[in-house]
Amino acid sequence: MIHLYPFERSFDWNEEIGSLTVKRTYSTVVNLKSDSGRRCSLLLKTEDYLPRSALIEALPALEKGQEIVVNLKYVAEGFDPNCLIDSPKVKWKDLWLEWLGFLEQEELAVLLDKIDKPEKMIGLGPGSTPAGDDFVVGLIMAFKLTGNDSNELEIDRNTLVGKTEWFSSEMIRDALDGKFWRRGIELAHALAGDDVAKILEKTGKILEWGHLSGKAWLAGLAYGLEQSGVY
Amino acid sequence: MEVPMKRIEVVKGEYYDSVTLMLVAKELKKIEGVGDAALNMATEANISIMRAAGFEVENDFLSPDDLLIGIDFEGEGIEKLFEAARSYLACPPWRKEESDAEYSPVTLSGALTVLPESNLALISLPGKYAAAEAMKALKRGLNVMLYSDNVSIEEEIELKQFAEKNDLIVMGPDCGTAVINGKGLGFSNVCPTGSIGIVGASGTGLQEVMVQLSRRKLGVKHAIGTGGRDVKSSVGGISFLKAIKELSEDSEISIIAAVGKPPAPEVRKKILESLKESGKQSVICFMGDASRKDEESLFYTTQLEECAVVVEALHEGVDVTLAREKLGSEYAKVSGNSSTGELSGRYLRGLFTGGTLCYEAQYIAQSYINPIYGNAPLRKDLKLENSLKPVGHSFIDYGEDEFTQGRLHPMMDPSFRAEQLKKQSEDSSVAVILLDVVLGYGSAENPSSDLVEAIRSVKREIKPVYVAYVCGTDRDPQDIEKQRSLLESVGVIVCESNARAAILAANILSRKER
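Protein chains in written order, with this note's numbering: chain A, 5 to 235; chain B, 28 to 541.
I should point out that these hints are in silico values taken from the structure, not numbers from a laboratory. Glycine residues also receive a C-beta, built at the ideal position from the N, C-alpha and C atoms. A few of these clues could be false.
[What the hints assert, rightly or not] Incomplete in silico selection of chain A near chain B, CB under 10 Å:
(1) Glu71
(2) Val73
(3) Ile210
[As the list claims (entries may be wrong)] Distance ranges between label pairs, derived from CB positions:
(4) Gly246(B) to Asp90(A): 45 to 51 Å
(5) Lys118(A) to Lys56(B): 16 to 22 Å
(6) Ala291(B) to Val114(A): 35 to 41 Å
(7) Pro143(B) to Asp117(A): 50 to 56 Å
[Unchecked claim] Facing chain A, according to a computed beta carbon distance under 8 Å, are these residues of chain B, among others:
(8) Ser136
(9) Val141
(10) Ser145
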């Protein structure tokens, strides 16, 4: 059994999670699955922080299905995935409105048909995480930021796994719990502030996320803000 | 032996910007066995160009919104190359380099959210969309630099009249160059900032005057382009007059230069009146306009370098007549240095990327050789039937609309002019070739290299004499000395101004004729 020793972790990953199985490996991220089916991740870069994740100096060669132990004793807390921030300022509205334009791209146009029924978007569209899921996560964040109840979206967290890919289902479940990835939270902070350079930088960081994921996420956020009744 | 295969594929109803098309063509040309690759929107002009390059194009069902992919390949499996082209278009490999990039707003509203204090929008879109965006910008209270060409005259008039009513200015359409508060926009050279203000109905005309001023250690605060049609009767010089007003009211500007092709008579009258009322010394350079006597505060010139020389004289408090005489004697020396080695052929071909440089060169050369044909000739009756098949003495501006619909301007992508340079060089009737190389922001990274390669590859016993002018400053990103050296390495005679290059090129031939 391999024991790994991260040096920093998100607030919500504690030792109670138990043993972990390697689910998928990337050059800077390893996704792990707990006995209860929850996702945890080991990361090399702070900007990739997401719920239940921890930073590590280096990633050893790991194989899918391999069981590992992540030792979190005395590991510092470094990232809070809970989305407790102010609403975006209305002065940035014209900027987020143009993110809706991403849905006009041929590859994302499929989402337009279901835009009024977010639960139908789950698992829909292209990408390793279906673009519909990214849209839904952005949408949920908008609900949280504007004080709306995400239960109105009628997304059943218990049936997510059957509807979409596992990693995506975890991402949506976390979002419903008010937990988001670092890039999204940083953009939300920027939109609640006055520093335009920060907004452009953080939006750029989100667009770097996958071929379509970032675009779908931003479109979801923009759509949610517009539907919120706040602006 | 592999048989070369030239094939065309049509992608219906898909628009791509010309930079993407150029980069995809470049990627394809890197593949072994690919002799040529061309991606163009299916405009009539582009279809002619591709046909001239040997591609068989049936245009019965084509529209300018269709994309043509032409590949010349020696070997089997040309289909895979078309697949590669489509794949590059869908997901350009160079996009990877854009990671860590900040988000750039893609709408006017988004941009104004980011920069609410801005007062100028630079619009560079395909012509058919540009006017609508320009009007949106004007309605938001922004001045407009309309870089796009292929905007109709009716749209131009509507935009300019709206701007005039709202105390705004529309620079363009087809405004490739401007300097506002010392900052270059579009194609611009790195020049010092100073007390000169320029208004110009031309792009490379503005660049040449700024470059010549820079070489004389003089800087420009504003250089306002208006687009070439502004000074025609139909538009009435709306933007030109607004620009003069703005320059007049700027206390930091001491001298105004007005540059361009000759305006319509009634527009010229208004411009001269406006300059007189400005209270500032003004130097007018309407190339080819009948020479006039200087008036109290107005000084008339007919060439771009002369314009800079007169501005310098006024700025330094030197006698303008003496400055002109000095320039004249320098030009005489250029004429006197026109002896070359063996000359084969009879004609001069001017192959230009800058429209005003092409115009000025024709204007100067016509004093020595005649007639001069072209795609933008001095007289309508000298217009070439086919710009790809020059006859006699011909000057071609490869930046004209016919060559830039759905493809990059030759100042950005020198490859097409380089191909034509090779072709003209191999024409046994051609004795001298005159070229411009325009440096600065917006221009190709290494514009001379394509020309040098073309000249090296010419198969002709006695090559033509090549004369060139490099329009640039020593602070331009392309390294002007490197550009000159490259040209000189293949025997090109490099001159110090566009006027001098034209004088030399025309003199070489006229001497031969004498």
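Going through the hints against the structure:
A cut of 10 Å between beta carbons decides the hint on Glu71(A): the least distance to chain B is about 34 Å, and the hint is violated. Proximity of Val73(A) to chain B is violated relative to the hint, the smallest CB-CB distance being about 34 Å (cut-off 10 Å). Evaluation of the Ile210(A) hint against chain B yields a held restraint, the C-beta minimum of about 8 Å falling below 10 Å. Between Gly246(B) and Asp90(A) the CB atoms are about 48 Å apart, so this pair conforms to the stated range of 45 to 51 Å.
The supplied range of 16 to 22 Å is broken by Lys118(A) and Lys56(B), whose beta-carbon atoms lie about 43 Å from each other. At about 55 Å, the beta-carbon gap between Ala291(B) and Val114(A) misses the expected band of 35 to 41 Å. For the pair Pro143(B) and Asp117(A), the supplied restraint of 50 to 56 Å is violated, since their beta-carbon distance comes to about 36 Å. Hint on Ser136(B) holds. Least Cβ distance to chain A is approximately 4 Å, under the 8 Å limit.
With its C-beta approaching chain A no nearer than about 5 Å, Val141(B) sits inside the 8 Å limit, and its interface hint holds. Interface restraint check for Ser145(B): the shortest CB-CB distance to chain A comes to about 12 Å, outside 8 Å, so the restraint is violated.
Violated hints, listed in ascending order, are 1, 2, 5, 6, 7 and 10; each of the other numbered hints is respected by the structure.
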